[in-house]
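J.: Each chain, written out:
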Amino acid sequence: MSTPAVQVRDLRKHYGPKKAVDGLDLTVEHGEIFAVLGPNGAGKTTTVEILEGYRHRDGGEVSVLGVDPRSADRAWRSRVGVVLQSASDHSELTVREMVTTFGRYYPSPRDTDEVIAAVGLTDKARTRTGQLSGGQRRRLDVALGIVGKPEMLFLDEPTTGFDPEARRAFWDLIESLRDGGTTILLTTHYMDEAERLADRCAVVRDGRVVALDHPARLGNRARQQAHVRWTVDGLLHEEKTTTPSALVAELSTRFGGEVPGLEVQRPTLEDVYLELVGEAGR
Amino acid sequence: MTSTTTTTGTAPDSRTAAPAPLPSLAVLAVERTRIELVQFFRIRDAVIFIFAYPIVMLAIFATVFGQDGTRVGPDPGIPFAQYFLPGMVATGVLLSSFQNLAMGIATSRDEGGLKRLRATPMPPTAYFLGKIGSVLVTSLVQTALLLASAALLFGVDLPSDAGRWVTFGWVFLLGTATGAICGVAFSSVPSNGKAASAVVTPIVLVLQFISGVFFQYDQLPSWMQTTAALFPLKWLAQGMRSVFLPDWARDIEPSGSWQHGATAAVLGAYLVVGLVVAVKTFQWRRRDDG
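Read top to bottom, the protein sequences are chains A and B. Going by numbering that gives the first Met the number 0, the residue at position 119 of the first sequence is 118; the numbering climbs one at a time, nothing skipped. Going by numbering that gives the first Met the number 0, the residue at position 28 of the second sequence is 27; the numbering climbs one at a time, nothing skipped.
The following block holds chain A by itself, in its conformation from the complex (with noise of 0.2 Å):
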């Protein structure tokens, strides 16, 4: 393969005299779904926002499609999807208008209807968009950022305000968009968000990636210890161990058969997290 679909290096990027980003590397491959998580502040929407091409930075080498989006030109434009944070614009068109009218400012567009249907909208194809709920806004915002058929899609706190049940029918389309060839990135508050949908995940603090990698190995997050809990007589037992299975296999032979109340927890995507923004920030 070619460049990678992003390659960001050394990404410098600063506020007066607040570094919003620092010194930032991160690859994304052709194909992939790549999460970006950190807490407020991190970087991350600067970080995007550079990519974006919304943004100018102060140093460091950026390529999105192998061009610098600092000369994003219109044939640029039409290879890269966004969907930003938030918008509210345009509330007298209704949804089919909407993706419409975004179309055509595309050499070669999706179908509308398939665009609405593929974000669950179709019920809501004739209603204006002043009136979708919060979550079908979103969905919305999501149908304009595809359907330019993008290669390359940017989301920023897509699912920010999903109930879980849309929240997991976006998923479903950000991963058959991946399949269908799109390379994303996005970026997110939500560990479960991330650890469903992203190939490989970074994680920023300071204006700098502190940890990358699969969202299972994340932080070396296999090989620490697992949590196991048991109750006896209503009491809560614990125990911190590298060998889980061997801890609950004794436990077995213990209690002659099923370990009452039995718990075996690997560290949460959102544990490893909370562990790097912390060490991070000291």
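No wet-lab data here; the hints were simulated from the structure. Check before you lean on any hint, since a few could be wrong.
[Said to hold, decoys possible] Result set (DSBU-like, lysine-lysine): computed pairs, CA atoms no more than 30 Å apart in a straight line:
no., chain 1, residue 1, chain 2, residue 2
1, A, Lys-148, A, Lys-123
2, B, Lys-279, A, Lys-123
3, A, Lys-17, B, Lys-279
4, B, Lys-279, B, Lys-193
5, B, Lys-279, A, Lys-18
Note that the structure is predicted; figures quoted are calculated from it, not measured.
Could you slot chain B onto chain A? The hints should help.
T.: Here is chain B on its own, set in the frame of chain A:
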């Protein structure tokens, strides 16, 4: 406006098939005009207000000042409805161009709409052409309704010679374009969408009072006339008076002439300066957006 990339360009492209050409600027400008108009006409109450405002104002002022058959100027005089008509045409143009865009763009910026449009391959020029196109259409409809009401309800004789309509044409077009461009430039002044109405409305209102829209221009204090002459509305109104008032009415103008040259120069200067300011200061993102 900053970019004029209307060519399809040759993007460094890993796809094997040749990329489809980007839609042309003309196609996009028409599409933007269309979508702006669809939105405009969807907000019914605003449409009614914008179209009815100059007509209602004309009715009020013509009735109040024209009681007992009073007329403007020396005998035979001009009926008040006819005298105020040019000012109302001018104020209508100002409302649907300057006020509409200054407030509309500020709101759209606030709602994140501009930022989203910026991420698409639609060139900024198409956006601005769409704004101007839609303003031209709404101004035309508004003015046509006003002229029809003036003729049918208030018995104003509309000019019949072609020369006056030529004057009307260029004053109307230049005034609308200038108002639109200044509206785009001014849209960056309000700090957010909610402040837009509070910032824009008083300016428009004051200009209406000092520019001879609501009062007989030659009877305003001279300092007020001098101040008004610094702004486009006075010239727009004066240009429209030269269309809709009899020839002899130029004698009651403070300058004793219609000053078409000065009108074109002032409106043109605002157009050029407004364009430069708009291009230099236009922001796609909210001010608090880093």
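J.: Each hint needs a verdict: does it hold in this structure or not?
T.: To see whether the hints hold, each was checked on the structure:
no.	hint	in the structure
1	A:Lys-148 - A:Lys-123	holds (22 Å)
2	B:Lys-279 - A:Lys-123	violated (40 Å)
3	A:Lys-17 - B:Lys-279	holds (27 Å)
4	B:Lys-279 - B:Lys-193	holds (23 Å)
5	B:Lys-279 - A:Lys-18	holds (27 Å)
Violated hint: 2 only; the structure is consistent with all others.
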